[in-house]
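Asks: Take these sequences, add in the hints, and give me the full structure.
Numbered as in this note's numbering, the sequence shown ends at 227 without a single skipped number.
It is worth saying that the hints were derived from the structure and are not from the lab.
Check the hints yourself; a few may be wrong.
Said to hold, decoys possible - Only pairs whose alpha carbons sit at most 16 Å apart, straight line, appear in this in silico EDC-like list of lysine to aspartate or glutamate:
1. Lys-226 to Glu-56
2. Lys-166 to Asp-73
3. Lys-226 to Asp-184
4. Lys-150 to Asp-136
5. Lys-150 to Asp-212
6. Lys-166 to Asp-178
7. Lys-166 to Asp-182
8. Lys-174 to Asp-142
9. Lys-166 to Asp-137
10. Lys-198 to Glu-56
11. Lys-150 to Glu-74
12. Lys-198 to Asp-115
13. Lys-166 to Glu-74
14. Lys-174 to Glu-80
15. Lys-198 to Asp-212
None of the values given here were measured: they were computed from a predicted structure.
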Amino acid sequence: MMVFNKNVRSGTTVFAMLIAAMLAWAFAAVSDAQVTDPGSHSELAYVAHLHPMNSEITGLPTSGEVRFSIVGDELTISVEAHGLPPNLVHWQHFHGFADNRAATCPGAAADVNGDGIIDLIETEPAAGTTMVPFTDDPVAMDVAHGTYPKASGAGTYTYRQTVSLKGLTAAFAKAFNDPTLDLDRRVVFIHGVVATPKLPASVASLGPIPADVTLPIACGRVERLKR
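Replies: Structural data, given as structure tokens:
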């Protein structure tokens, strides 16, 4: 009987160790899934710190912060901006490349025509094309007609919208043939200056949209926050 009891105890110990190992593996697998699965409740966060552009035109040190927070299927886009031309609607978007190259904010060398202004078209070699607008409905992907925030008399605004991550990803894939947003390969621009005094004719814009509407006044590269 003594041998039998000893074997039972030994077998019980081995069984308990197996159960503990299986539980540890399962916990690790769930943790990994929460980081990558949009349906989980783990939060992913990205931030872009905005720095001034074309301040010679605005006379203002436009800056701010953009945050992207993902929890499950909810993507929340938040913008805190200040030093803006006051009482003016400002377009805001993230820009990037359809081939997923990493976008960067353009430097002084982007002013290829030498007029002292970096216009929207001159940003494209570094930053790519306009992708997702931060409007009242980002999923609509309506860059030219969406409702954008208006700066206060003090030159500030706060923007916050929560959208379906799956919905925005599907709209993005349809527009750019790309199934992933790849936020940490994008840059954020805020645009818009007062229409008068008129900008030089050398300042280019997109199609018929006036250059004062699309002129970038702040830019920030999106980075994923470490957990």
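Asks: Going through the numbered hints above, which ones does this structure break? Give me the numbers in ascending order.
Replies: 1, 11, 14
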